[in-house]
Amino acid sequence: MLEGGLKLDSFTYKELIHGFCRKLEMDSVQELLFSMQSAGFSPSYCTYSWLVDGYRNQEEGTFGDTVVLTSMAYAYLKVGNQVAAISFLDEMYKRRLMVTLKIYKSLSASYASDKGILDIFWDLVFNKNLVLKGLIKDIKQLNL
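Taking full-length UniProt numbering, the leading residue of the sequence shown gets 1, the next gets one more, and so forth.
Calculated from the structure, these hints are not laboratory results. Model, not experiment: these values are computed from the prediction. The reader is advised that the hints may include incorrect statements.
[Claimed, not checked] Capping the alpha-carbon separation at 25 Å, the derived lysine-lysine pairs in BS3-like fashion look like this:
#1 K128 / K140
#2 K23 / K7
#3 K94 / K78
#4 K94 / K7
#5 K115 / K78
#6 K105 / K137
#7 K14 / K102
#8 K105 / K94
#9 K128 / K115
#10 K7 / K78
#11 K140 / K115
#12 K102 / K133
#13 K105 / K140
#14 K105 / K133
#15 K78 / K105
#16 K23 / K78
#17 K102 / K115
#18 K133 / K115
#19 K102 / K128
[Unchecked claim] Each pair of labels, with its calculated beta carbon distance range:
#20 Q141 / F11: 24 to 30 Å
#21 D9 / V83: 33 to 39 Å
#22 Y45 / Q141: 30 to 36 Å
#23 R56 / F11: 38 to 44 Å
#24 Q82 / A112: 34 to 40 Å
#25 V52 / L135: 24 to 30 Å
#26 F126 / L24: 19 to 25 Å
#27 L6 / M98: 17 to 23 Å
#28 K128 / D9: 33 to 39 Å
#29 Q141 / S42: 35 to 41 Å
#30 S38 / N127: 22 to 28 Å
#31 L6 / G116: 34 to 40 Å
#32 V79 / R56: 18 to 24 Å
#33 K78 / G19: 23 to 29 Å
All C-beta atoms in this analysis are idealised placements derived from N, C-alpha and C, irrespective of residue type, glycine included.
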């Protein structure tokens, strides 16, 4: 598809993510989610629901990975539910899941217009020690 010059839109990304979630191909889902955010599209509530269901169905007891949990935390913070956002970040901390530089760049670029909320979100993430110390220097350089 992509080799043929097809450019994905928001609807196509969501449908592909839904299909891969149903097939439990979560590596493909994660790749598409990064690509979707890099292309400037934001996942919808349904997209997040499919992600959570896909991860739950993939392996008993699995609630999601770093991408899903950070995305869910941000989404809840954006709609004003800080308690729910913090619970997702706490889940990351319990499972020792860390925000990578790629996730940081992707979320920051995707939600650049939400500067105030984004700053609050990253403050929460850093305060919960969910970023490797070695990456903090790289992230600070990006923000200069």
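- Message: Quick check on a hinted range of 19 to 25 Å for F126 and L24, using CB atoms only.
- Response: violated (33 Å)
- Query: Does the Cβ pair Q82, A112 satisfy 34 to 40 Å?
  - Reply: About 21 Å separates the Cβ atoms of Q82 and A112, which means 34 to 40 Å is violated.
- Message: Against the 25 Å threshold, does the CA-CA distance of K115 and K78 hold or violate the hint?
- Response: Distance ~11 Å between K115 and K78 Cα, so the pair holds.
- Item | 33 to 39 Å as the expected CB spacing between D9 and K128, which holds or is violated | Given about 35 Å between the Cβ atoms, the range holds.
- Query: Between V52 and L135, does the beta-carbon spacing fit 24 to 30 Å?
  - Reply: holds (26 Å)
- Sort out whether K115 lies within 25 Å of K133, counting only the CA atoms. Given that 25 Å is the threshold and the Cα spacing comes to 23 Å, the pair holds.
- Going straight from one Cα to the other, do K94 and K7 come out at no more than 25 Å? Roughly 39 Å between the alpha carbons, so the hint for K94 and K7 is violated.
- Query: Quick one, are K105 and K137 close enough, alpha carbons at most 25 Å?
  - Reply: holds (14 Å)
- Has the given pair, K102 with K115, been kept, meaning a C-alpha gap of at most 25 Å? Since the Cα atoms of K102 and K115 sit roughly 18 Å apart, the hinted pair holds (cutoff 25 Å).
- Query: Holds or violated: are the alpha carbons of K14 and K102 at most 25 Å from each other?
  - Reply: Given that 25 Å is the threshold and the Cα spacing comes to 21 Å, the pair holds.
- Message: Tell me if the straight-line CA distance from K102 to K128 falls inside 25 Å.
- Response: Status holds; Cα separation ~19 Å.
- Message: Assuming the hint says 24 to 30 Å, is it satisfied by the Cβ distance from Q141 to F11 or not?
- Response: violated (36 Å)
The structure fails to meet hints 4, 10, 16, 20, 23, 24, 26, 27, 29 from the earlier list, while all remaining hints are met.
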